[in-house]
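A.B. asks: Sequence lines, in order, name chains A and B. Counting from 1, one number per residue, gives the positions in the first sequence under our numbering. Counting from 1, one number per residue, gives the positions in the second sequence under our numbering.
One side only, chain A facing chain B, incomplete, derived with CB under 8 angstroms:
(1) Q35
(2) C36
(3) V38
(4) G41
(5) S42
(6) P47
(7) Q54
(8) E55
(9) R86
(10) P88
(11) E90
Since the hints were made in silico from the structure, they are not lab data. In this text the structure is predicted, and so the values were computed from the model without any measurement. Where is the CB? At the ideal position from N, CA and C, for every residue including glycine.
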Amino acid sequence: MSDLNTTMVNEYRSNFLKEVEANVEEGRWVKMCMQCGVCSGSCPLGPAWEHPPQEIFMMIRAGKRDEVLKSESMWMCTSCYNCIVRCPRELPITHIMHGLANYAHRLGLAPKMNPTRRFAKIFWDNIVKSGRVNEIELSLRLYFMDGFKNGVEKAWSMKDIGLGMLKARRLNPLGFVTHKGCKDTKGIHRMLKKAREIEDRRKGFAA
Amino acid sequence: MADVVATNETIVVIGGGISGMTAAVEAAETGKDVILLERAPSLGGRVSQLYKYFPKLCHPTCGMEINLRRLRGNRRIKVLTLAEVQKVTGEAGNYQVTATLHPRFVNENCTACGACAEAVTAEIDNPFDYGLSRMKAAYLPFTMAHPQRYVIDPSLIGTEEAQKAKDACRYDAIDLDMKPETVTFSAGAIIWATGWRPYDAAKIQPYGYDRYANVITSVEFERLADTRGPTGGRILRPSDGKEAKNVAFIQCAGSRDRNHLTHCSRICCMASLKQTTYMRERFGDDAQSSIYYIDIRAIDRFEDFYQKVQADSTVKFIKSKVANITEDEATGDVILHGVDTEGYHRYDNRHDLCVLAVGMEPSVDVRRIADVAVDASGFIEVNGPNGAIFGAGCAANALDVNRSVQSATASVLRAVQVVNRVAKAEG
Ligand SMILES: Cc1cc2nc3c(=O)[nH]c(=O)nc-3n(C[C@H](O)[C@H](O)[C@H](O)COP(=O)(O)OP(=O)(O)OC[C@H]3O[C@@H](n4cnc5c(N)ncnc54)[C@H](O)[C@@H]3O)c2cc1C
Ligand code: SF4
Ligand code: SF4
Numbered sequence: 001m002s003d004l005n006t007t008m009v010n011e012y013r014s015n016f017l018k019e020v021e022a023n024v025e026e027g028r029w030v031k032m033c034m035q036c037g038v039c040s041g042s043c044p045l046g047p048a049w050e051h052p053p054q055e056i057f058m059m060i061r062a063g064k065r066d067e068v069l070k071s072e073s074m075w076m077c078t079s080c081y082n083c084i085v086r087c088p089r090e091l092p093i094t095h096i097m098h099g100l101a102n103y104a105h106r107l108g109l110a111p112k113m114n115p116t117r118r119f120a121k122i123f124w125d126n127i128v129k130s131g132r133v134n135e136i137e138l139s140l141r142l143y144f145m146d147g148f149k150n151g152v153e154k155a156w157s158m159k160d161i162g163l164g165m166l167k168a169r170r171l172n173p174l175g176f177v178t179h180k181g182c183k184d185t186k187g188i189h190r191m192l193k194k195a196r197e198i199e200d201r202r203k204g205f206a207a
Numbered sequence: 001m002a003d004v005v006a007t008n009e010t011i012v013v014i015g016g017g018i019s020g021m022t023a024a025v026e027a028a029e030t031g032k033d034v035i036l037l038e039r040a041p042s043l044g045g046r047v048s049q050l051y052k053y054f055p056k057l058c059h060p061t062c063g064m065e066i067n068l069r070r071l072r073g074n075r076r077i078k079v080l081t082l083a084e085v086q087k088v089t090g091e092a093g094n095y096q097v098t099a100t101l102h103p104r105f106v107n108e109n110c111t112a113c114g115a116c117a118e119a120v121t122a123e124i125d126n127p128f129d130y131g132l133s134r135m136k137a138a139y140l141p142f143t144m145a146h147p148q149r150y151v152i153d154p155s156l157i158g159t160e161e162a163q164k165a166k167d168a169c170r171y172d173a174i175d176l177d178m179k180p181e182t183v184t185f186s187a188g189a190i191i192w193a194t195g196w197r198p199y200d201a202a203k204i205q206p207y208g209y210d211r212y213a214n215v216i217t218s219v220e221f222e223r224l225a226d227t228r229g230p231t232g233g234r235i236l237r238p239s240d241g242k243e244a245k246n247v248a249f250i251q252c253a254g255s256r257d258r259n260h261l262t263h264c265s266r267i268c269c270m271a272s273l274k275q276t277t278y279m280r281e282r283f284g285d286d287a288q289s290s291i292y293y294i295d296i297r298a299i300d301r302f303e304d305f306y307q308k309v310q311a312d313s314t315v316k317f318i319k320s321k322v323a324n325i326t327e328d329e330a331t332g333d334v335i336l337h338g339v340d341t342e343g344y345h346r347y348d349n350r351h352d353l354c355v356l357a358v359g360m361e362p363s364v365d366v367r368r369i370a371d372v373a374v375d376a377s378g379f380i381e382v383n384g385p386n387g388a389i390f391g392a393g394c395a396a397n398a399l400d401v402n403r404s405v406q407s408a409t410a411s412v413l414r415a416v417q418v419v420n421r422v423a424k425a426e427g
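For reference, chain A alone in the conformation it holds in the complex (with noise of 0.2 angstroms):
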């Protein structure tokens, strides 16, 4: 586990609730839930998590850190914004889940082979490197992600629509070459780089 994690348990103790109010993105509305259940009912995926987001709201307020910063849940949502739509607290339900994936992910708490994760990683990589996602570097970095054998099976799998793609123009197979990336990539890093700063020292994750 992370220093950053051992910090903050230290600094909130028993108090997840705070801590998520804190250093979650939208976490200060998870008080304002009122577990009527409409946002787990009305999830498309509702059947994969397995806690919905009703019961996250009620695990933080029970103080289970542990039980939802590991879990794979709030990684399933796909940002619909079903649950939104209907809550009638009018809850950020889907920025919350977000931020709670994103914060779990910087205490280092996050299932490591968590798909969603592992792709957010290779997107983030990805894009950062020259300011504009490079696709065909993208797409084979996710289906190899698992390995040699396991990437060929599913290029192979996918290829109907990969050659879809291709004839309609989305994809361009010469892109390892071709990729340009923006003028000025240094600049780019420096704004991100700055950015991170300032988010941390919000929230708190300064050393």
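With chain A's structure known, arrange chain B with the ligands on it following the hints.
C.D. replies: Chain B with the ligands alone, transformed into the frame defined by chain A:
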């Protein structure tokens, strides 16, 4: 309306539901002159459309009867029906109330014999049954209507049917030349009792009220259960007329919801609890009622009622706000989807019929009529800077009948003080 005399010592009551009727009677019994203005063709308001009243489960006509008798017996009360209040101006002790008098096309000669209704064939939606039935376009609003006088619907005017109705009347009671009138009354104080209306259920998109025949509202369910209602009291679902033995009730349909009404409508929990007793009354042990709720709010003394319903084995309570409803097209059954709060179990429950316990909102936008303070939901502020305009009953809050009547009495006490002051000043 030359025969209506109003002065600064008159109390005008707007709305002739249970609250307005109570206020009118009580003000008059203290010796004040009262004008009671009701928009509909008869008195009684929404209570008359209920099958039974909680908590005692008596018929709404009981309470109404007593009020009507007191009202008829009091010379100080002038009742005007089809009188819709449009504007109120002035200040305490000196108000002007402007109302439109809609034509009834039937005068005082009417004996309610019903010959006109027999003569016409045209039909219109019956608002008393919330559109669940049709009725002749010459009609008595409901059996107990006061005044006992028929109405000719404006859609008949200018047609042959209107003439047929007129020719059928043996008492010369039909006057097809009546025109709308605008009248203005003076008043020292005003009791505002315009009541509530059910929240528009079609706005709750995931429940499909506007798409599925077997999703209805709680007010419609009252009509289905009523022996004088469209089905003669048989609980039949709209799609195919099948007996609805397995009924879901969804609480807070439009209430306690920032997308709809933010307030708790306060009586809908009790209304659904009451409606499960209709189910038992009809189907005995074969009844299946399921109440989907966030939490049951059976306020103070109603807790007993709640406990009785809880003890009924035909009633199930599911702690969950239903996420959405789908329809099984082959059978017309409705399927409720959601996750419950006691264990987070996912459910897809099939029912014959789903009743939305819709919220109550003010029946009119009060601020367009008068300069009065209202709360965030549009109910009149009881302690607002409102001069001598006093909210009563559901115009002031979502209330049951008992509390509506209490609030009417309270507003009378305040109104009487104002007109007494006026009387003293005028010597
Ligand atoms: C499903 C359901 C079941 C219920 N069951 C029960 C029960 O069992 N027991 C119980 O105690 N309560 C019950 N209630 C609550 C009950 O209906 C209300 O307490 C009651 O109707 C309040 O009476 P009111 O006179 O304040 O308003 P209303 O009944 O709404 O009367 C208001 C009157 O004002 C008139 N009006 C409106 N605007 C104007 C205008 N501009 N000019 C002139 N007149 C106007 C209207 O036509 C109407 O006649 C139930 C409610 C619902 C939704
Ligand atoms: S819909 Fe909103 S209030 Fe209801 S359980 Fe979900 S977050 Fe809580
Ligand atoms: S009375 Fe019950 S159903 Fe009605 S709004 Fe309040 S909690 Fe919801």
